[in-house]
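Q: We have chain L; now place chain F onto it with these hints.
Keeping their order, the protein sequence lines are chains L and F. FYI, numbering that gives the first Met the number 0 numbers position 77 of the first sequence as 76, with every residue one higher than the one before it. FYI, numbering that gives the first Met the number 0 numbers position 95 of the second sequence as 94, with every residue one higher than the one before it.
Check the hints yourself; a few may be wrong.
If several chains are the same, the list does not tell them apart, and a pair holds so long as it fits within one copy or across any two.
Derived DSS-like pairs: lysine-lysine, alpha-carbon spacing no greater than 30 Å straight-line [to be verified]:
#1 LYS146 - LYS123
#2 LYS108 - LYS123
#3 LYS146 - LYS48
#4 LYS48 - LYS123
#5 LYS116 - LYS146
FYI, nobody ran anything at the bench for these hints, they're computed from the structure.
Protein chains: 2
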Amino acid sequence: MTTHDLYLDDMTVGQRFESRGYTFTESDIIDFALRFDPQPFHIDVEAAKATQYGGLIASGFHTLAIAFRVLYQTGFLIGGNLGAPGIDELRWVRPVRPGDTLRTVAEVKEIIPSTSKPDRGILKLGVQAVNQRSEAAMTATFVIMVKRRRG
Amino acid sequence: MTTHDLYLDDMTVGQRFESRGYTFTESDIIDFALRFDPQPFHIDVEAAKATQYGGLIASGFHTLAIAFRVLYQTGFLIGGNLGAPGIDELRWVRPVRPGDTLRTVAEVKEIIPSTSKPDRGILKLGVQAVNQRSEAAMTATFVIMVKRRRG
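Okay, chain L solo, but in the shape it has when bound (with noise of 0.2 Å):
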């Protein structure tokens, strides 16, 4: 499901959205990660291969910056976002290897209307990052402030 300009008012507990997929290409990985992660195991091939994973996988940060793109290009926070105070239970329970698609599944797990800015509120949204085999690869609670449509 693909919404737009979606405002706090608008949105429902139990709701979801799922984007579309992006391909971890082995130089994508390692371009990624030499500039923001370089451990051997997501930019040395070889020295991944003798590591508990058995070969090259995606940086954490990477997996969680691409599962925030395809979520944001899905348009459903275009309009009411004003920016995220943060996110909850960050976990990366399976490595995201070359050739790996993944989307973004999110659903609306709390709604909290501001009390002082009637304006606005707190979304929070339970963000999984699956694969092609439907797999969860990481999981976390988006916590994102929202605007209303009525103050």
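A: Just chain F now, with coordinates in the frame of chain L:
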């Protein structure tokens, strides 16, 4: 303090690690955000002026990735790091603007040896990305799997 190749057995609660700094430029903020978080307040200087931020700010995912990068660069986990299960209570508490220089300050909060795998354990690290005025821009708890010296 910069140390090298620490293992779980070398860590003590309260131990601190501090990275060197990194200066966020306008170009770098826009470049990262265009790929991963293309919201107007991250990529459009003019549109950003009209938002509650009053100007361009870095994507929180960018701040997070850089905070890890400079912390990793201290070398304290190069040998012992087995990968990160996740992050708890990540909060972006203050905007990061072009010209801001951030460093990462980390403190060991908890050390939990694995009961099932005697060669490893969990390290909980309180992490702050602080700017040139020593104000926290981001806070989080990193949950990291670390090797033990003795099995």
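Q: What label fits LYS146 with LYS48 when the C-alpha limit is 30 Å: within, between, both, or neither?
A: between (47 Å within a copy, 18 Å between copies)
Q: Using 30 Å as the alpha carbon limit, work out where LYS116 and LYS146 are close: within a copy, between copies, both or neither.
A: Result: close within a single copy only, 10 Å intra versus 47 Å inter.
Q: At most 30 Å between CA atoms: does that hold for LYS146 and LYS123 within a copy, between copies, both, or neither?
A: Answer is within: at 14 Å inside a copy they meet the 30 Å cutoff, but 34 Å across does not.
Q: For LYS48 and LYS123, with the copy left unspecified, which applies at a CA distance of at most 30 Å: within, between, both, or neither?
A: between (38 Å within a copy, 27 Å between copies)
Q: Between the shortest in-copy and the shortest cross-copy C-alpha distance, which are at most 30 Å for LYS108 and LYS123: within, between, both, or neither?
A: Intra 5 Å, inter 26 Å, cutoff 30 Å: intra and inter.
Violated hints: none; the structure is consistent with every hint.
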